[in-house]
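Novice: Starting from the known structure of chain W, arrange chain C with the ligand on it as the hints suggest.
So the sequences go chain by chain: W and C. The opening residue of the first sequence carries number 1 in this note's numbering; numbering runs sequentially from there. The opening residue of the second sequence carries number 1001 in this note's numbering; numbering runs sequentially from there.
It is possible that part of the hints are untrue.
To be verified - One side only, chain W facing chain C, incomplete, derived with CB under 7 Å:
#: 1; residue: L3
#: 2; residue: G4
#: 3; residue: L16
#: 4; residue: W22
#: 5; residue: V24
#: 6; residue: D31
#: 7; residue: I32
#: 8; residue: R52
#: 9; residue: V59
#: 10; residue: A61
#: 11; residue: Q81
#: 12; residue: D82
#: 13; residue: R88
By construction, these hints were calculated from the structure, which means they are not laboratory data. C-beta: ideal position from N, C-alpha, C; glycine also.
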Amino acid sequence: MCLGVPGRVVSVDDNLATVDFWGVHREVRLDIVDEPVAAGDYVLNHVGFAIRRIPDAEVTATMALYDELLAAAAEADLLAQDVRSELRANRRARAPTKAKRGTLE
Amino acid sequence: MTVGGESTMIEFRDAGRGHALAQALRRAVDESGRERITVMHVCGSHEQAIARYGLRDLFPERLEVIMGPGCPVCITDTDEVDEAVALARQGVRVLTYGDMLRVPGSVMSLADAKREGADVGVVYSVAEAAAQAVASDAPVVFFATGFETTAVATAAVLLGEPPAGFQVLSAHKYIPPVMEIVAEMPGSRVEGFLAAGHAATITGWGIFDDFVAEHGRPVAVAGFEPLDILAALCRLVEMIARAEPRTINVYPRCVTREGNRCAQQTLWRVFRATGGLWRGIAHVPNGNLRLRGTYARYDAREHFDTSAASSPSTAAARALAGRCRCGDIMSGIATPADCALFERECTPEAPVGACMVSSEGTCRIWQQYGVRSGNGDAAVLGVCPRIP
Ligand code: SF4
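One chain only, chain W, in its complex shape (with noise of 0.2 Å):
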C-alpha cells in the first residue's frame, strides 16, 4: 500500500476522471488531488483516489519504473503484484459521493 501508480487522464467528470493505465480505462477519484485535472495530464493513483497531478516535466521519468515493472515482471513479483492491486482499486472507484472538488476552504 506504499506505491501509488500513474496514468494518463481521458476524460473529467466531475470529481471523477476516467484514466488510461496501459492501455485499460478505469475511473479514479479527484477528491483529493493536489492540482486540478484535465484530459492528458497524468496523475499518480492511490487505492482508487488520484494523490497528485505528476508535472509534465516528470513524466517520462515517472513512468519508466512501472513499464519495466509491468513488462518485465513475472508473476510472482511483489513489486508487481502490489501495482497490479493498485490498478484493480481504480476498478469500480465509483461511489456515493457529495464532496466536490473544491469544497475545502
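Specialist: Relative to chain W, chain C with the ligand alone:
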C-alpha cells in the same frame, strides 16, 4: 522506453549511473571512517525494491539498511484484528483490503472467521466498500487499515457522506510518530531514515524537519527505483558522517515541501491522531488515526460491540506465535534470518506472523526474493549461514 530482457533495473535504466552511485555510496561510507552505519527505511515498497533488484549486494558491508515498521498490515495490532473478527462473528458484513484477511488475531484471522461462515469480503478500494453499502440494506463495516496515504482515501469517502449503513473500523496508522519511537528505542542503532516517497507526497517533506531537529537523525525522502534508493542512501550517509542532520528530498519529481494540502485537510477533517498499539512495536503516541466525533455516525466502534470473542486459540498456535520475531524485525533488532521459524514453520501458505502475510512484510519479501541474510554476507544468496 520499455526494453525487455534485462534482469535488473540498473542495467535497464542506466547501468553507468547505477554503478557510479553504488561507488559513491561506498566512498561515502569509507570516508566516514565508521565501523558501521545503520539506517532504516519505513516502507514496504522500499524493501520490495531493495530485494527485487538485489541492492543489498551493492551496499557497502559497513552500511546496514533495515526495514522498520513500514508494512501497514504487519503493524495492525492484534486487538484491531480481534475487533474485526468479533464483528464478523456477530454476523456483520466486514470488508477489508486483501492482505488483511490472513493476519492472525489473538483468536483467529478474518479468513478463519470466513471459513466458519462469517460474511467477510475483500475490496481494492474504500470507494468500492462504500458502493457495496449503498447496494445493501444491512450495515457494511470497512476494516480500514494502512498509513496516511490510504487513510486519506477513507477520509475522502466519508466526506462524501455515504449512507449511514457504511461503517468504518479504523485501524489506520500515522507514520511520523513511530519514527520517533524507533529513534529513541533503547539500543537503537538507527542513525538516519529513508522516508517513503508516496506517503511524503501527501504529508510533504517539511513535516520531517521537527523530527530531525528533535532527534538529531537525518531524513532522506526516496523514490522506488534502484537509483532513487542509492542516491538517497548516499545523501543520508554523508549527513550522518558529517553529523549534519537535515531533511533532504531526493524524490523531487513527486514530493514537495508542503505536500498535498487538499489531502492533508481531508485527512485531518475526518481523523484525529491518538495513541495506540502497533503490533510488535510499542504504544505509539499519536500513531493511530481514529474518526473524529463529527463522524461518529460512521464509526463502527460506536455502533457495535467490538470487544473480542474470548475463545482461546490453540496452545500450539500460541506457542508458535510466541516465537515470532516480527516486532524485533520491525524495530531493526533482528532480520528474518534470525527467526528460527522463517521458511520452516512459517511460510506464505501458513504464516505464523503478519510479516509473512503481507506483500510488504519483510519476511514475505525475503522469502519471495530468496534473501537469506542482511548485507555483509548477502553476496552468497541462496546460502543461509544464520539459519540453524
Ligand atoms: S518468519 Fe514468521 S514467525 Fe518468524 S518473524 Fe517472520 S513472520 Fe514471525
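Novice: Can the hint on R88/W be confirmed by a CB-to-CB distance to chain C that is less than 7 Å?
Specialist: With a closest approach of 5 Å, the R88/W hint holds.
Novice: Measuring from the C-beta of I32/W to each C-beta in chain C, is the shortest one below 7 Å?
Specialist: Status holds, d = 4 Å.
Novice: Given a cut of 7 Å on the nearest C-beta pair, is the interface hint for A61/W held or broken against chain C?
Specialist: holds (6 Å)
Novice: Can V24/W be said to touch chain C, with a Cβ gap under 7 Å?
Specialist: violated (14 Å)
Novice: So, as I understand it, the hint says Q81/W touches chain C; can you test that by seeing if any CB pair is closer than 7 Å?
Specialist: Check passed: Cβ of Q81/W comes within 6 Å of chain C, closer than 7 Å.
Novice: Restraint: D31/W near chain C, CB-CB cut 7 Å. Satisfied or not?
Specialist: holds (4 Å)
Novice: Holds or violated: D82/W as interface residue toward chain C, Cβ cutoff 7 Å?
Specialist: holds (6 Å)
Novice: At a threshold of 7 Å, is the proposed contact between L3/W and chain C supported by beta-carbon distances?
Specialist: holds (4 Å)
Novice: Can the hint on V59/W be confirmed by a CB-to-CB distance to chain C that is less than 7 Å?
Specialist: With a minimum Cβ separation of about 9 Å from chain C (threshold 7 Å), the hint on V59/W is violated.
Novice: With 7 Å as the cut and Cβ atoms as the points, is G4/W at the interface with chain C?
Specialist: holds (5 Å)
Novice: Please check whether W22/W passes as an interface residue: C-beta within 7 Å of a C-beta belonging to chain C.
Specialist: It is violated, given that the least Cβ distance between W22/W and chain C is near 10 Å, above 7 Å.
Novice: Holds or violated: R52/W as interface residue toward chain C, Cβ cutoff 7 Å?
Specialist: Cβ of R52/W sits 5 Å from chain C, so the hint holds.
When each numbered hint is compared with the structure, violations occur for hints 3, 4, 5, 9.
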